[in-house]
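Novice: One-letter residues, chain by chain:
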Amino acid sequence: QVTLVESGGGMAQPGRSLRLSCAASGLDFRSYGMHWVRRAPGKGLEWLAVIWSDGTNIQYADSVKGRFIISRDNSKDTLYLQMNSLRVDDTAIYYCATADPAVSMRILEKWGQGARVTVSS
Amino acid sequence: DIVVTQSPLSLAVTPGEPASISCRSSQSLLHRDGYDYLDWYLQKPGQSPQLLIYFASSRAPGVPDRFRGSGTGTDFTLTISSVEAEDVGLYYCMQGRQTPQTFGQGTKLEIK
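As you go down the protein sequences, you meet chains A and B in turn.
Using the numbering used here, read the first sequence as starting at 21 and increasing by one per residue.
Using the numbering used here, read the second sequence as starting at 609 and increasing by one per residue.
Relax, there's no trap hidden among the hints.
Derived contacts from chain B toward chain A, CB cut-off under 7 Å, selection only:
{"id": "1", "residue": "Y645"}
{"id": "2", "residue": "P657"}
{"id": "3", "residue": "G704"}
{"id": "4", "residue": "T707"}
Away from chain A, derived, C-beta distances all over 10 Å, residues of chain B:
{"id": "5", "residue": "V621"}
{"id": "6", "residue": "S630"}
{"id": "7", "residue": "G642"}
{"id": "8", "residue": "P672"}
{"id": "9", "residue": "R674"}
{"id": "10", "residue": "G679"}
{"id": "11", "residue": "D683"}
No wet-lab data here; the hints were simulated from the structure.
Note that this is a predicted model, so its numbers are computed, not measured.
Beta carbons are placed, not taken as given, at the ideal position from N, Cα and C, and that holds for glycine.
Construct the complete structure from the given sequences, taking the supplied hints into account.
Specialist: Dropping the structure here:
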């Protein structure tokens, strides 16, 4: 059974940084692509970033490009999202999700329970 | 970016009755590999989203067969043949044809 557990959420002031982690179990982590998606209060889902299984290919949404960095440590079965220069509108629940390249890197198969991030002065 | 538009944004359905949600994209989601890169996700209250349908019409493992996805190109539909109380939540379509992947606004399904 695939389990994804996000951590590292919390409160931060505008302009500060936070790092989210997503610990995976129940799958061969190094074989899967991984995504980050968020949902801001009162809004819908927003795709943020994807990283291929070996970390060689990375893509971002324009809203976070240059501020957020997706990375992974396959030896630790863990995905990361380094969030810099945080803004109030980054307040959201952040989800990690798997993508099986044998099917498609674009399909978000399994999701974590989410990590809440609040950016406020 | 590809814009994905859902309708309706909310619907209330009597248990046992069917329900349909429409999703339209600003560009064709049909890839040269023959697949439409359109997924459907459900976020139940208090839960994280879950994959229902991928490639427009393929049900994800464990998804009841009352959920059916159809359509191609720019017009897609999610149909629930007989709504159950556990189906309440927010339904999203998402295109994966181009980066950035984009979601529809979401459709809230409630039970009458």
